[in-house]
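Please put together the full structure from these sequences, using the hints given.
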Amino acid sequence: MSGPLSVQAPPASRRLTSWIANPWAQARFLWVAVFGYLAWSLVPVFIAVAYSFNAGKAQTTWQGFSATRWFITDVNSVWQDETLRSALFQSLKLSALTVVIAVPLGVAFAIALDRWRGRGAGTSDFVMLFSFITPEIAIGVGLFLMMTKLVEQIGLGFTAQVLGLSMYELAFTVIIVRARLLSVGKHYEEAAMDLGASPTNAIRRVLLPLLSPAIFASVAIVFASAIDNFVISQRLCADASCQTIPIVIYSSARRSPLPSLNALATIVLVLSTVLIGAAVVGYRAMTRGERALAESPGAEEPVLASGG
Amino acid sequence: MARKDDQPGGVWYPRWFWPSFAAPATIWLLLFFVLPFYVVLSVAFGRLDPIFLTAEPVYNPVRWDTTPFRGVVTRLFTAGSIEQETLVRTLVYVGIATAACLLIGYPVAYFVARHAKRTKTWLLVAFIAPFWISYMMRMFAWVNLLQEDGYVNRFLEAIGVIDHPEQWLSGRASTVVFGLIYGYIPFMILPLFGTLDRMDRSMIEAARDLGAGQVKTFFRVTLPLSKQGILAGCIIVALPMFGDYFTQTLLSSTRNTAMFGNLIVSSIQSSLVNTGAALVVVMVVLLIVPMLYYLRSTNVARELAER
Chain C
1 MSGPLSVQAP PASRRLTSWI ANPWAQARFL WVAVFGYLAW SLVPVFIAVA
51 YSFNAGKAQT TWQGFSATRW FITDVNSVWQ DETLRSALFQ SLKLSALTVV
101 IAVPLGVAFA IALDRWRGRG AGTSDFVMLF SFITPEIAIG VGLFLMMTKL
151 VEQIGLGFTA QVLGLSMYEL AFTVIIVRAR LLSVGKHYEE AAMDLGASPT
201 NAIRRVLLPL LSPAIFASVA IVFASAIDNF VISQRLCADA SCQTIPIVIY
251 SSARRSPLPS LNALATIVLV LSTVLIGAAV VGYRAMTRGE RALAESPGAE
301 EPVLASGG
Chain S
1001 MARKDDQPGG VWYPRWFWPS FAAPATIWLL LFFVLPFYVV LSVAFGRLDP
1051 IFLTAEPVYN PVRWDTTPFR GVVTRLFTAG SIEQETLVRT LVYVGIATAA
1101 CLLIGYPVAY FVARHAKRTK TWLLVAFIAP FWISYMMRMF AWVNLLQEDG
1151 YVNRFLEAIG VIDHPEQWLS GRASTVVFGL IYGYIPFMIL PLFGTLDRMD
1201 RSMIEAARDL GAGQVKTFFR VTLPLSKQGI LAGCIIVALP MFGDYFTQTL
1251 LSSTRNTAMF GNLIVSSIQS SLVNTGAALV VVMVVLLIVP MLYYLRSTNV
1301 ARELAER
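Chain order of the listed sequences is C and S. The opening residue of the first sequence carries number 1 in our numbering; numbering runs sequentially from there. The opening residue of the second sequence carries number 1001 in our numbering; numbering runs sequentially from there.
Rather than coming from a laboratory, the hints here were simulated on the basis of the structure. All values reported here derive from a predicted model rather than from experimental measurement. Be careful, since some hints might not be right.
[Stated by the list, open to error] Examples of chain S residues toward chain C, derived with CB under 7 Å:
hint : residue
1    : Phe1111
2    : Gln1147
3    : Gly1211
4    : Leu1239
5    : Gly1243
6    : Phe1246
For every residue, glycine included, the Cβ atom is placed at its ideal position computed from N, Cα and C.
Structure, rendered in structure tokens:
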């Protein structure tokens, strides 16, 4: 909860004079720091994206603009190069399956953690959070050893990647859905059960619809995060057939790659941006009514306010 | 908060009801997080096949053999060994990179939390952007910028800082540390922003009313109040940095900048699988205190937020 703003912004004319009077006042130094930081963090990415439209083969010299060469027309483009195209589809398949497993498991888990205060809940919660902050290499090596020593039937490859990633991405869903559960409260379920709904029906007909913005957001975020996953996917991949986009970028970045590699990275970037954008816009659209209700003066249910 | 199960409207949840919701994810975590770690222990404390010298896991803890593991630990304590050099180098890299993340991240987070007004949403979007831009893509972008004929050298030559192109990508520690800072700083900014944004402004006003200047207010009030965020941010960037091996490979890939993660990966890929497993155990033991501290502090924060 942030308190009310105590200091109002001065009018533009006063701002200008005070800037001239003291250009080194704290806020100005901070403006420079912030925009310097933003440029440093985003310009390299813009340049990498720009080079996926380079008309020539260079990575360091701009040779004119071509919208399609490295995406579809060139023989080494994403579409025609076997390695790049297969990595693209492999990544999409892996992320989609990860979402299909991790989101339902995570939603059920979040509901259980929020409502059930039994002995097991705390331990499971702890293990999940622990998995979330353990350096990925430890998880990756663990899964690698398990798949090669203990369950050789699964072995390395796509199945192992799906199993490992769906475990690793669980925490995202749980964290998002739990935040939503906190803001929704228990009142609606209780009302439904007072009116005669069974616990199962109360969850299916009342709680799940209320959770749908969070579920939608989890789908997008888990997908975007799985498509960027490197360590676990790489450790569980033994041959070219299960190489995902980050693995291909990693293995060819230092071998003077063609701009088609930039094109591949650009495709993922656009895909992730659209997904995250959809998640934010969708979440806000789905909870708009609630925020309006909470902000209106006569609102009796401030619990519904989703900090937005 | 009450410990008892809430039973609204006289509806009794069957005993199995909530546990059945938790079961699938719990099983998943047991199978693919806890069990793999047990396999790591079994390999680290397992035995070597006498003929093929392949690592064989021993799943019965009673029969665990600690000799190879103790060998790895001894090498970590032997001055001049590759293991110790790598560990020390990793600690230095992670320490410098974490401190730099804090020094760069704090002013940025402070500004957005305190001074940005109408631009706040857009600035936040720009700050969160690196989270969904693939780490590999961001590093790959720098690989091209840092090439001998890349834009960094051209820029530095143009402004006269250097007069001949530098070899940034051939095993420089500074490039690796730079990559770590660049890669992980977003994880520092978010918790700092969260703490600074939630901070009670009346404290700052009180300090100013009582006559403290801007600088004094910052050091005596704002900074101590944001300690939690600073610690959380430092831990959350240091943990993944410690296990990082790909930044080093992309930006340097020479032996003299190898990090602990590289040591683990190269052991696992060679025949020294049990050494690799032992190194993973060592890493988790080294990191367990900050990990537990982080989990505890975020739990405390959540309880406070719920209250």
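Status of the Gln1147 (chain S) interface restraint (C-beta, 7 Å, chain C) = Cβ of Gln1147 (chain S) sits 5 Å from chain C, so the hint holds.
key: Restraint outcome when Phe1246 (chain S) is required to lie within 7 Å of chain C by C-beta distance   = holds (6 Å)
request  = Mind checking the CB of Phe1111 (chain S) against every CB in chain C and telling me if the closest is under 7 Å?
outcome  = holds (4 Å)
Restraint satisfaction for Leu1239 (chain S) [CB to CB of chain C, less than 7 Å] = holds (6 Å)
inquiry  = Checking hints one by one. Is Gly1243 (chain S) an interface residue toward chain C, by the C-beta closer than 7 Å rule?
reply    = Gly1243 (chain S) check passes; min Cβ-Cβ to chain C is 3 Å, inside 7 Å.
Hinted contact Gly1211 (chain S) with chain C - closest CB pair below 7 Å = violated (17 Å)
The structure shown violates just one earlier hint, number 3.
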